[in-house]
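There are 4 protein chains.
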Amino acid sequence: MPVIRSDKYGKTRVRLIRVDRSRAPHEVKELSVAILLEGDFSSAYVDGDNSNVLPTDTMKNAVYVLARTLAWDSIEALGGGIARHFLDRLSHVSQVSVEIEEGPWHQIGQHIAAFLQSGMERRTSRLIATRAGISITSGIGGLRILKTAGSAFAGFLKDELTTLPETNDRLFATVLQAEWTYAGNDLSFNELHHDVRALLLERFAEHESLSVQHTLFAMAVGVLEKIDSVTEIYLAMPNKHCLLVDLARFGLDNPNVIFVPTDEPSGYIEARIGRDAANVR
Amino acid sequence: MPVIRSDKYGKTRVRLIRVDRSRAPHEVKELSVAILLEGDFSSAYVDGDNSNVLPTDTMKNAVYVLARTLAWDSIEALGGGIARHFLDRLSHVSQVSVEIEEGPWHQIGQHIAAFLQSGMERRTSRLIATRAGISITSGIGGLRILKTAGSAFAGFLKDELTTLPETNDRLFATVLQAEWTYAGNDLSFNELHHDVRALLLERFAEHESLSVQHTLFAMAVGVLEKIDSVTEIYLAMPNKHCLLVDLARFGLDNPNVIFVPTDEPSGYIEARIGRDAANVR
Amino acid sequence: MPVIRSDKYGKTRVRLIRVDRSRAPHEVKELSVAILLEGDFSSAYVDGDNSNVLPTDTMKNAVYVLARTLAWDSIEALGGGIARHFLDRLSHVSQVSVEIEEGPWHQIGQHIAAFLQSGMERRTSRLIATRAGISITSGIGGLRILKTAGSAFAGFLKDELTTLPETNDRLFATVLQAEWTYAGNDLSFNELHHDVRALLLERFAEHESLSVQHTLFAMAVGVLEKIDSVTEIYLAMPNKHCLLVDLARFGLDNPNVIFVPTDEPSGYIEARIGRDAANVR
Amino acid sequence: MPVIRSDKYGKTRVRLIRVDRSRAPHEVKELSVAILLEGDFSSAYVDGDNSNVLPTDTMKNAVYVLARTLAWDSIEALGGGIARHFLDRLSHVSQVSVEIEEGPWHQIGQHIAAFLQSGMERRTSRLIATRAGISITSGIGGLRILKTAGSAFAGFLKDELTTLPETNDRLFATVLQAEWTYAGNDLSFNELHHDVRALLLERFAEHESLSVQHTLFAMAVGVLEKIDSVTEIYLAMPNKHCLLVDLARFGLDNPNVIFVPTDEPSGYIEARIGRDAANVR
Chain A
98 MPVIRSDKYG KTRVRLIRVD RSRAPHEVKE LSVAILLEGD FSSAYVDGDN SNVLPTDTMK
158 NAVYVLARTL AWDSIEALGG GIARHFLDRL SHVSQVSVEI EEGPWHQIGQ HIAAFLQSGM
218 ERRTSRLIAT RAGISITSGI GGLRILKTAG SAFAGFLKDE LTTLPETNDR LFATVLQAEW
278 TYAGNDLSFN ELHHDVRALL LERFAEHESL SVQHTLFAMA VGVLEKIDSV TEIYLAMPNK
338 HCLLVDLARF GLDNPNVIFV PTDEPSGYIE ARIGRDAANV R
Chain B
98 MPVIRSDKYG KTRVRLIRVD RSRAPHEVKE LSVAILLEGD FSSAYVDGDN SNVLPTDTMK
158 NAVYVLARTL AWDSIEALGG GIARHFLDRL SHVSQVSVEI EEGPWHQIGQ HIAAFLQSGM
218 ERRTSRLIAT RAGISITSGI GGLRILKTAG SAFAGFLKDE LTTLPETNDR LFATVLQAEW
278 TYAGNDLSFN ELHHDVRALL LERFAEHESL SVQHTLFAMA VGVLEKIDSV TEIYLAMPNK
338 HCLLVDLARF GLDNPNVIFV PTDEPSGYIE ARIGRDAANV R
Chain C
98 MPVIRSDKYG KTRVRLIRVD RSRAPHEVKE LSVAILLEGD FSSAYVDGDN SNVLPTDTMK
158 NAVYVLARTL AWDSIEALGG GIARHFLDRL SHVSQVSVEI EEGPWHQIGQ HIAAFLQSGM
218 ERRTSRLIAT RAGISITSGI GGLRILKTAG SAFAGFLKDE LTTLPETNDR LFATVLQAEW
278 TYAGNDLSFN ELHHDVRALL LERFAEHESL SVQHTLFAMA VGVLEKIDSV TEIYLAMPNK
338 HCLLVDLARF GLDNPNVIFV PTDEPSGYIE ARIGRDAANV R
Chain D
98 MPVIRSDKYG KTRVRLIRVD RSRAPHEVKE LSVAILLEGD FSSAYVDGDN SNVLPTDTMK
158 NAVYVLARTL AWDSIEALGG GIARHFLDRL SHVSQVSVEI EEGPWHQIGQ HIAAFLQSGM
218 ERRTSRLIAT RAGISITSGI GGLRILKTAG SAFAGFLKDE LTTLPETNDR LFATVLQAEW
278 TYAGNDLSFN ELHHDVRALL LERFAEHESL SVQHTLFAMA VGVLEKIDSV TEIYLAMPNK
338 HCLLVDLARF GLDNPNVIFV PTDEPSGYIE ARIGRDAANV R
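Here the protein sequences come in this chain order: A, B, C and D. Taking our numbering, the leading residue of the first sequence gets 98, the next gets one more, and so forth. Taking our numbering, the leading residue of the second sequence gets 98, the next gets one more, and so forth. Taking our numbering, the leading residue of the third sequence gets 98, the next gets one more, and so forth. Taking our numbering, the leading residue of the fourth sequence gets 98, the next gets one more, and so forth.
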């Protein structure tokens with residue numbers, strides 16, 4: 098007899114903009130929210146009995162209402178409020194996952210009511226709330242970064258299919274994805290996000306890189322050493338290869354001047370770094 | 098002292114087309130391959146010691162070479178060969194993950210050498226190979242399907258934020274993602290993929306749906322009941338809402354004729370269905 | 098004094114699905130409509146006087162209403178009705194452009210109410226209506242096609258920057274965009290679309306190609322010779338290069354077996370072919 | 098007899114990064130180049146005679162070589178050099194079009210060799226070179242901007258399908274595309290681009306908007322009045338509607354606080370503004 102081994106459902110891509118015009122400049126927060134519920138829903142699957150199924154349309158309404166009624170200044174705070182809303186009122190729900198992405202809007206000049214968002218960088222958060230407690234992670238997505246010096250890749254393992262030349266000076270480009278876990282739930286999330294992001298960028302910029310792995314680890318360590326309330330950090334750094342163009346065919350040199358950036362194939366490196374070996378996922 | 102809790106690296110988006118012109122019609126297989134390795138790589142992260150790091154560029158070369166030299170007729174067979182290649186020659190690697198997507202090309206008319214691919218549907222496979230063995234899953238991605246009858250959603254849980262009306266007759270549209278696990282490694286993967294896909298579509302079409310959950314389960318059961326070599330199936334079915342347009346404002350009726358398809362917000366339902374409650378992930 | 102040299106405004110991406118359940122199988126038409134108006138709108142720009150500005154929201158409503166009330170069986174017929182609607186009621190409008198894209202839905206098996214759309218191919222139409230008359234074009238977008246034989250590229254112009262080898266046997270892949278103009282406004286558009294598409298595919302498949310240009314022209318001629326009511330056809334055929342992988346580095350041959358398909362850089366060829374040299378655009 | 102009414106061919110999406118490490122900070126320019134040729138190519142189409150056809154692969158090589166050998170500090174200067182290269186050496190070519198997009202990289206902190214590009218904004222240029230001369234346009238693409246005050250839309254034309262309420266206070270969001278034409282070919286393109294962009298943003302921010310059209314015109318006028326070397330400016334401003342959420346259903350007010358940003362359907366407004374009525378395109 099077939100059985101459900103796991104299941105979840107909810108609403109994704111609930112977008113909203115909150116404007117606070119009581120400030121100068123106005124504050125604009127643009128979010129995309131996803132909510133997923135787990136719990137006792139098997140009768141819906143097996144029998145078509147929807148009596149335990151809160152419509153996902155209602156979840157969407159709840160997001161709008163909570164964005165209006167809760168006092169929140171960070172996506173982590175809003176996410177916590179959304180998670181508690183469903184956990185509190187649905188006794189058959191065992192876990193609520195809330196993911197929120199924020200796209201940063203920047204003031205135009207000194208105008209209090211005009212903003213631009215030229216970016217694909219996203220501030221992210223992910224909350225997992227159960228009857229036992231809540232875990233909060235924050236992150237960054239879509240942050241494209243590049244080093245024009247201080248990056249090597251040599252001394253690697255070679256076999257008969259290896260054609261890559263060693264290099265002590267290459268372009269190092271990636272689209273950073275980061276996600277870190279906090280030790281507590283009542284923190285200054287906006288400030289912490291700013292600080293973690295700054296440390297990641299600083300370590301990326303300063304590190305004498307012997308590989309993507311090497312720099313990824315240095316960036317993670319840089320955060321863990323400085324920010325006590327971060328217990329673990331996950332970084333994914335695809336290697337967006339920039340290929341040096343062979344101009345010798347045309348009688349020209351190319352001393353690391355002209356590169357072709359490529360999207361595919363792409364290297365990929367990810368790691369999760371913690372404070373100790375315990376709690377390995 | 099910071100430690101690595103988990104890590105993996107490899108090459109993604111290695112695209113290739115294999116043409117077999119010994120057949121009539123020619124056979125065209127277009128693939129995108131991703132390979133990720135896990136194992137003893139900590140010295141690369143911590144010390145910048147690359148002596149254990151096979152370049153991802155070499156992985157790319159290996160894909161091309163193996164696609165040429167192996168005898169393979171399915172992405173599952175090629176994936177197995179790729180996984181074994183790395184596991185056999187890299188003793189410090191404990192796990193190789195290979196994901197392959199295939200985009201279907203169809204013959205144009207009766208022409209033996211002309212093909213069209215109008216589709217976003219993807220045939221997928223995912224192989225996880227360790228020293229202990231290999232697990233093989235196959236799947237479908239990007240398959241957009243729609244029911245114009247036989248779909249209801251009523252009797253659901255309501256609270257004060259619920260505004261969705263009940264309905265016994267709605268459009269049901271989704272973009273199906275499916276992934277199923279096989280009991281063995283030496284199977285007729287092409288035939289099985291064809292059969293699972295046909296069963297999923299048939300059950301979707303025939304089912305008197307009381308909810309997305311209800312139909313998802315029926316589709317999964319349809320596969321598990323008929324295909325013995327499938328041990329578990331995962332289905333994700335976002336609810337791509339089609340909203341009935343309110344034409345009463347303009348003095349017109351709209352008896353399920355004109356709908357607005359929407360991309361966001363989107364419902365989302367996923368479940369993993371097995372043959373019994375054991376081995377819960 | 099700055100002046101407006103040209104302007105237009107309207108609504109884009111008005112999506113709708115029309116379901117006709119009186120047929121067996123049901124008929125599903127999914128459209129995306131764009132409407133742009135030109136005419137006497139300068140006071141809106143210069144003075145902020147909106148008295149001539151029909152809201153684009155009203156255009157959206159009109160699309161839904163007309164899709165419900167008009168008898169239409171093709172996007173060309175619906176487009177004509179939409180164009181006339183605005184031209185008839187807005188005397189200050191001199192030109193209405195309507196573009197409609199249709200995504201094809203296919204019946205699943207013999208089920209009368211279940212459909213799949215695995216495709217990115219789009220049927221398109223573009224109508225330009227003025228007080229003097231209406232021009233109707235139909236087209237195809239997003240049709241990815243490939244030839245595995247019968248394609249050469251040799252004898253081309255070379256200079257000192259040319260490194261491309263000549264070839265008499267290559268893969269020829271493109272994503273076809275086509276648009277053709279009809280001689281009249283009261284035609285069997287569905288049948289004509291089917292016939293033009295079939296001719297384009299047949300000529301693509303059969304042609305002994307000496308270049309993309311060569312095949313593009315043959316495809317256009319194939320349509321113009323067979324379909325009297327087409328007066329002109331535009332084809333755009335990006336050359337989606339498939340690069341033969343150099344396996345000699347690994348002691349292997351590669352007799353047109355393993356290719357790397359690439360998205361960028363991309364060749365691009367477009368031409369507009371008519372019945373004679375007159376009416377050059 | 099079918100004839101070619103117009104045709105062009107070339108290479109698109111030729112991407113490159115140029116790094117200048119002689120400066121502090123290093124300078125990074127990332128470009129995507131497209132080249133299209135027009136001229137005497139009919140024998141290629143009609144007869145498959147490629148003797149006049151320079152391979153698009155050679156065009157790609159030329160871009161890399163010219164990016165290395167020319168002294169250029171703006172995409173307009175590089176584009177001019179590329180256009181002249183082909184016009185000078187190919188006597189059968191009558192027109193060369195070059196389009197270049199630049200994605201802006203910003204220094205990270207004070208680091209001389211680390212950069213981030215969080216943006217989708219693109220600096221663009223388009224050059225059309227013929228035997229008679231060259232026209233140069235510059236532009237902006239993908240610049241998402243938003244006003245939280247100073248935007249109304251009222252007094253518009255209404256018919257029986259109009260349901261949009263009038264408003265004197267709405268969110269105004271768009272993704273600006275701009276393209277302007279220069280009076281000359283030997284200008285300080287980097288400085289001019291900076292100045293035009295700043296004026297567009299300033300006028301957008303300051304303008305008391307009565308409609309998108311109204312603000313679009315004010316932005317164009319702002320540029321034409323201040324920058325003598327711009328002769329014409331084209332602006333496209335899709336209206337990315339932000340819908341005020343109806344919270345009254347839940348007993349809440351919503352005084353322009355919570356909005357839903359939408360991608361479709363989308364308003365669309367474009368206009369070309371010049372210094373006088375002459376030279377209408």
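Just so you know, the hints here were simulated from the structure itself, not pulled from any lab data. You may find that some hints are simply not true.
The list cannot tell twin chains apart, which means a pair is met if one copy fits it or any two copies do.
20 Å max Cα-Cα, derived EDC-like pairs, lysine to aspartate or glutamate [as the list claims (entries may be wrong)]: (1) LYS337 with GLU361; (2) LYS337 with GLU257; (3) LYS255 with ASP144; (4) LYS337 with GLU199; (5) LYS126 with GLU367; (6) LYS323 with GLU135.
This one's a predicted model, so the numbers in the text were calculated from it and none came from an experiment.
Hint by hint, which ones does the structure fall short of? Hints 2, 5, 6 are the ones this structure does not satisfy, whereas the remaining hints hold.
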